[in-house]
Amino acid sequence: MAVTRQDRPSGWYLAPAVAFFGAFAVLPMVLVVYLSFTSWNGFGFPALSGAENWTRLIEDGRAWDSLWLTLLFMVLTWVVQTPIAMLIGVWAAGHQRNRAVLSSFFFLPLLLSTAAIALLWAAVLDPNFGATQALPFLDGVNFLGNTELVVYTVVWVISWQYIPFHTLLYQAAARQVPQSLYEAATLDGAGRYRQFFTITLPLLKYTVITSTVLMLVGSVTTFDTILILTGGGPGTATRILPLHMYITGFSGFEFGYASAIAVLLLLLGAGLSLAVTSATGFRKMQSQQEGM
Amino acid sequence: MSDRAPLGGDDSTRGAVGVRTAEAPTSPIAPVPEVPERQRRRVWNRRRAHGRPNVLAGVLATVWLALVAVPLYFLVAASFRTRSEYLSDNPLAPPPNPTLENYETVLTGDFPTYLLNTVLVTVATVAIVVGLTLPAGYAVARNAGRAVQRGFSLMLVGLAIPAQAAIIPVYLMITQLHLYDTLLAVILPTAAFAMPVALLVMTNSLRDIPRELYEAQTLDGAGPFQALRHLVLPLAKPAITTVAVFTSLTAWNGFLFPLVLTQSVSTRVLTLGLWDYQGQFGTNVPALLAAVTLSVVPIFILYLVGRRYLLSGLTAGAGK
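Each protein sequence line maps, in turn, to chains A and B.
When the letters of the first sequence are read in order and numbered with the working numbering, they come out as residues 1 to 292.
When the letters of the second sequence are read in order and numbered with the working numbering, they come out as residues 1001 to 1320.
Worth flagging that the hints you see were computed from the coordinates, not collected in a lab.
Among these hints, one or two may not hold up.
Unchecked claim - One-sided and incomplete, this derived list gives chain A residues near chain B with beta-carbon spacing under 8 Å:
id, residue
1, F20
2, L31
3, E52
4, A115
5, L120
6, A131
7, L169
8, L265
The C-beta atom is built at its ideal place from N, Cα and C for all residues, glycine as well.
Construct all of the structure, not just a fragment, from the sequences and the given hints.
As structure tokens, this is what we get:
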């Protein structure tokens, strides 16, 4: 018996979700482009000002510094997180009992909100009373006040927050690798490192892609951690693009210009994730996620 | 099988080390006992060789454990110190006279208001997201029409949109709607930005419901709404849980929208409240850390009672 069309849900089942999403997510995306061509101090209504904000953005050295800093954060957080998350994830995928107990500790940072993590690390790294003052080599180091060190400090705090999440992805993926492959490789005399590079790593390919996309897009949008931890400082040493936009808009009340920065941010974030996913195949990635 | 019973018993003790290896030779084709036994032992020995301690990963895991444990220990230990102890003691020594004074300071202040606001925002956001994405996922899974699939694609584009880029227009919209400094102002955009992932999880799960089950419903004379209520709702429970946990965490940890869209103490959520404590308590770091510790308790309880659900909700974001 054929199922007639009336027995299936009509488009009205989807409409409320699309309308809601359209109103509070898609409409703002359209509006932000419009606002980037206006002058608005946050009160009253925006007035059109032509391409003024855009010519200003091109000449704004600080915006370009922020963009470079954002890209630097992107690279550094990827370089720090990926090897650690992958190795711990593969290790934690083993079925030994002690690993299960240990891995429940590994994931604890996941339970803290970004605000809690930033405040915790601000206290831990305090140059006078922080935990690092009790440790050899680290006492007296001003992690958040030193212009050169602060970038790495922020990268570390962000990594501390997100490594457990990426570890989870790698752990789930490593558990999917058929044990028989390792058995066959062992019979062929392949050692542990050879097995890792010839079996584990190729089979984790899609997880590497997923995790990379999330890290890249995540670091474009890192905002709360830096706002709480450093406020973008000292000076402008950690003022990445989203923070530059926030400060320009909500502290400087130049919402039109801040919107132009937001459009840049939108292009960067959306461009990155669309580029990586279309180059690698989003559907394929989805199927790899199953069973997680 | 009966003639191999003693060997089988032997296997189960080994199974503790290499669970899966024992299964391979115990194939349905019952072989001559002696040969598979020897093979089995060999495979098992090789497996043991593979299971040799992985020094590099083991060391890394231990270092990571310390890097996770020490800050968290510092957090909890400091929250039980008095202010003067915090300034004079070794920060990594256990508190000599544990005190609850900091927790009292926090709990008698605005913390309960912040907590209540966060709970309200979280519950409302989850209700909106689940309430809208369950029927939406049902439509996407069961209606191949062009309009529905275009709507679905539109929402998937949302996966690539950074919420930061939206805050200025959202601020404009919320002030124009006269919702500024209300909890609803936080709830609406938070729910909207959680929706794409939620819809993706729902749709993937509802696509797995066998077509025959829908057809049986139709034969019973049920319309799409009855099918949604009596078939989809019960079968989608795991997906609903995942979506609810993912959305809860998003709303619970949300910072940006509350920061931009609220300002009073009466509408302040927990994450903003914690940040505010940093200024308010000034040098009273133990009280700040007590507040941070308290803010983790609800999620920690969720972790203890439903670790699996929590982790599924957390990784739902990987669909992004």
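Hint-by-hint comparison with the structure:
1. Satisfaction of the interface hint for F20 of chain A is found here, the shortest Cβ-Cβ separation to chain B being roughly 6 Å, below the 8 Å cut-off.
2. Hint status for L31 of chain A relative to chain B: holds, with the closest Cβ pair at about 4 Å, below 8 Å.
3. Restraint check, E52 of chain A versus chain B: the minimum CB separation of about 16 Å is more than 8 Å; hint violated.
4. Hint on A115 of chain A holds. Least Cβ distance to chain B is approximately 4 Å, under the 8 Å limit.
5. Annotation: L120 of chain A was flagged as interfacial toward chain B, and the flag holds, the nearest CB pair being 5 Å apart, inside 8 Å.
6. Annotation: A131 of chain A was flagged as interfacial toward chain B, and the flag holds, the nearest CB pair being 4 Å apart, inside 8 Å.
7. At about 6 Å, the closest approach between the beta carbon of L169 of chain A and any beta carbon in chain B falls short of 8 Å, and the interface hint on this residue holds.
8. Given the 8 Å rule on beta carbons, the hint for L265 of chain A holds: about 5 Å separates it from the nearest Cβ of chain B.
Hint compliance for this structure: hint 3 alone is broken.
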